[in-house]
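**Student:** Starting from the given sequences, assemble the full structure and let the hints guide the process.
Top to bottom, those sequences are chains C and Y.
Note that the first sequence covers residues 4 to 118 in our numbering.
Note that the second sequence covers residues 882 to 993 in our numbering.
The set of hints was computed from the structure by calculation and includes no laboratory data.
Heads up, some of the hints might be wrong.
[Claimed, not checked] Taking lysine to any residue and the SDA-like style, the derived pairs with C-alpha atoms no more than 20 Å apart in a straight line are: (1) 52/C - 983/Y; (2) 72/C - 59/C; (3) 52/C - 99/C; (4) 892/Y - 45/C; (5) 938/Y - 100/C; (6) 52/C - 8/C; (7) 892/Y - 43/C.
Here is how the chains run, residue by residue.
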Amino acid sequence: AQSVTQLGSHVSVSEGALVLLRCNYSSSVPPYLFWYVQYPNQGLQLLLKYTSAATLVKGINGFEAEFKKSETSFHLTKPSAHMSDAAEYFCAVSRSSNTGNQFYFGTGTSLTVIP
Amino acid sequence: DAGITQSPRHKVTETGTPVTLRCHQTENHRYMYWYRQDPGHGLRLIHYSYGVKDTDKGEVSDGYSVSRSKTEDFLLTLESATSSQTSVYFCATNRQDNYGYTFGSGTRLTVV
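**Tutor:** Encoded structure:
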């Protein structure tokens, strides 16, 4: 079975500080991994995805994530937080079946940016 | 996303009544999905479709049914609404395997 665990349901950082949101996955095969962001009262937007090419993946808005197989992790980082980064972030893994791929999401991490 | 429209955006209904939520896409994506979002649970897959008239259950399908009679539309029906189905429902589409979902703006459903 494939699943993801997001450590920390709430993270607070100061504006300009490093953002680190943690995601660990469990998968019996090499996974496809994704990070999504959700702003209040909106749907989810794709930030970045890992599909077994480069292990360091760059996404939108200055975010990046590194796939570490030895640690089964796919943590999301941004060097310098901006007020506009305040949102909920979801890690997701895709599961293959004979009817296509289904995505399974973590429980989310709410990021607060303190001025 | 402008290519996916969910209707209604908000609905309040009474326990025991049937409710249908609609997802309409103009992306011509093959795959469509219904998720519910609840605090502490993230998003959980209800049902999905891998083509016209081709659907399958997700992890929380009890009490829900779906239909897809054409590529553009994916309907989610709560057969007899219960308070535990109060949630925000999101539709998503996928162009191809592992490409990444595109999400609608959600439907906030309250069952009283």
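**Student:** Quick check: which numbered hints come out false for this structure?
**Tutor:** The structure conflicts with no hint, since it agrees with every one listed earlier.
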